[in-house]
Amino acid sequence: MSDTSQSSAPTKMSTYLLMIVLIVLALSIVSLIFSVSAFVEGNELVAGYLLVIGFIAMGLAGYVLFQSRKRVASMKIEAPKVMTTVECRKCGFKSIREFQRGDFVFKDLNPCQKCDDTMIITGIYKEVKEKEKTYGV
Amino acid sequence: MSFVPGSDAISQIISIVFYGVFIVFIFYGQRIQMYVMIREVEGSLFKLKYIKEEGRKIAIETIKEIGKPQTDPSTRVDRYLEYFTISPQSMDPAGIVYKLDHILDVRDTRLKDEVKIMAPASDEVQVNNLENTLEAAMALNFIYKVVRHYYIQGKKTLSLYIIMQLQMILPLVMKEAEAYASALKAFAYGQPIGDGAGPLVAAKLMHGYETRKLPKDCVVASVPIEGRNAFIIKAEGPGGNVGKPGDAVKAVIEENEGKIASVIMIDAGLKLEGETVGEVAEGIGAAIGGPGVDQFKIEDAVVEYHIPINAVIVKEDIGDAVSPMRKEIADSADKVIDRVKNVILERTKEGDNVIIVGVGNTIGIGQ
Numbered sequence: 001m002s003d004t005s006q007s008s009a010p011t012k013m014s015t016y017l018l019m020i021v022l023i024v025l026a027l028s029i030v031s032l033i034f035s036v037s038a039f040v041e042g043n044e045l046v047a048g049y050l051l052v053i054g055f056i057a058m059g060l061a062g063y064v065l066f067q068s069r070k071r072v073a074s075m076k077i078e079a080p081k082v083m084t085t086v087e088c089r090k091c092g093f094k095s096i097r098e099f100q101r102g103d104f105v106f107k108d109l110n111p112c113q114k115c116d117d118t119m120i121i122t123g124i125y126k127e128v129k130e131k132e133k134t135y136g137v
Numbered sequence: 001m002s003f004v005p006g007s008d009a010i011s012q013i014i015s016i017v018f019y020g021v022f023i024v025f026i027f028y029g030q031r032i033q034m035y036v037m038i039r040e041v042e043g044s045l046f047k048l049k050y051i052k053e054e055g056r057k058i059a060i061e062t063i064k065e066i067g068k069p070q071t072d073p074s075t076r077v078d079r080y081l082e083y084f085t086i087s088p089q090s091m092d093p094a095g096i097v098y099k100l101d102h103i104l105d106v107r108d109t110r111l112k113d114e115v116k117i118m119a120p121a122s123d124e125v126q127v128n129n130l131e132n133t134l135e136a137a138m139a140l141n142f143i144y145k146v147v148r149h150y151y152i153q154g155k156k157t158l159s160l161y162i163i164m165q166l167q168m169i170l171p172l173v174m175k176e177a178e179a180y181a182s183a184l185k186a187f188a189y190g191q192p193i194g195d196g197a198g199p200l201v202a203a204k205l206m207h208g209y210e211t212r213k214l215p216k217d218c219v220v221a222s223v224p225i226e227g228r229n230a231f232i233i234k235a236e237g238p239g240g241n242v243g244k245p246g247d248a249v250k251a252v253i254e255e256n257e258g259k260i261a262s263v264i265m266i267d268a269g270l271k272l273e274g275e276t277v278g279e280v281a282e283g284i285g286a287a288i289g290g291p292g293v294d295q296f297k298i299e300d301a302v303v304e305y306h307i308p309i310n311a312v313i314v315k316e317d318i319g320d321a322v323s324p325m326r327k328e329i330a331d332s333a334d335k336v337i338d339r340v341k342n343v344i345l346e347r348t349k350e351g352d353n354v355i356i357v358g359v360g361n362t363i364g365i366g367q
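As you go down the protein sequences, you meet chains A and B in turn. Take the first sequence: its position 28, counted from the start at 1, is 28 in the numbering used here, and no numbers get skipped. Take the second sequence: its position 221, counted from the start at 1, is 221 in the numbering used here, and no numbers get skipped.
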């Protein structure tokens, strides 16, 4: 089989960004701990503020982390699956297989399994599954 | 001091914050907008840098794998990626086409020689494929550098208009860069690309008939179609090659002393949004892209001998044109052949000579 279906991606997100996210995450946890301690001490207003701040910070850190991972994932250069159609012109026997390096349209291949005539490549193509959006027009 | 009379402390704080935000937006609104745009451009630039690096990596790996060089080709590849071509001076435009033609020929020879040095073990087909791979990497390198230039310039001058222009065209630039990124692997593996629609039709028409070489990097076969004698022309495959159809068409017309009833050109044409990939359309004129040299030569030759020129195109977008050929495009080849036969039947008489040219990159397509 061919070696064409590999894809590559950057291995990690920016260290700088990761550091900021981790600091914000740590501060949000500290805020939540303080919130609990304030609540225990009976200072409900301060506890409420700290709780809100803690959750917002935690949410933001999570969002930035999620967005960065999404961006990293979207940067893969995907090699699409390319298929080769092999046909026997004499008996019409047809087979479809994955593309192999060295294949080209109208290349003569091995003899046909059925009639022993030379088989040739009649098509090399990729199939795109998703349909294009028409936006209702 | 109370900003909102009769309200509590929290409401006052919210009011102050609201006024503060309002004032900040009055004075710094444009600047904030600019920073948002800069951030957006920065993200795309980051992605472009990654694509460019991948392009370089794929090119180097392919050269090492196919060309079996004795030394590391990285330095030469880096030098190759920085090559530039200076277009001829156009103050006096007379004869500019031939000047441009000459410069493009020199460029082509120079780049092919470089590839041969980098990949000594590669054959002619592989040299063409490697050249195409490197050209795609070169295009990605250029796109990245231009976007980076305007990004830095915008940041340096803090000019909203530089950043705004860049941000506005960025979706199109990214689409093109992504198209080149997918082209890289197709070129490296020698897979047919969407631009090969024309050569694919020509190959289907000429397959099984004797071919001979034409200038430059083209082949021709004489094929009987509907009682006419058709000269089918395409770039010589299966290596990545577009040939010079201008010279080839001119040569065939001159060989036949201008006795050609019609020239039919088949090419991939850019589709508009909303149109279907692989749709076939028919028209008049020289269907050929590129710098315009070949179009000029073909038009020159057909005008000289008063030969009608027809075109059949297969619609696709820029991404489809440079990435592995989609099934819809491959399937459209038979529809194109029907259209071509139709044109021949309607526009020429039995026994006439017809030229059919399959224009485009013939990578992965033999004859």
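Any given hint could be a false lead.
[Stated by the list, open to error] Only pairs whose alpha carbons sit at most 25 Å apart, straight line, appear in this in silico DSS-like list of lysine-lysine:
{"id": "1", "chain 1": "A", "residue 1": "K129", "chain 2": "B", "residue 2": "K341"}
{"id": "2", "chain 1": "A", "residue 1": "K133", "chain 2": "B", "residue 2": "K327"}
{"id": "3", "chain 1": "B", "residue 1": "K250", "chain 2": "B", "residue 2": "K341"}
If you're looking for bench data, these hints aren't it; they were derived computationally from the structure.
Hints versus structure:
1. Simply put, K129(A) and K341(B) have alpha-carbon atoms about 32 Å apart, too far for the 25 Å limit, and the pair is violated.
2. Only pairs whose Cα atoms come within 25 Å are accepted, and K133(A) paired with K327(B) is accepted, the gap being roughly 18 Å.
3. As the CA atoms of K250(B) and K341(B) are separated by approximately 22 Å, the hinted pair is consistent with the 25 Å bound.
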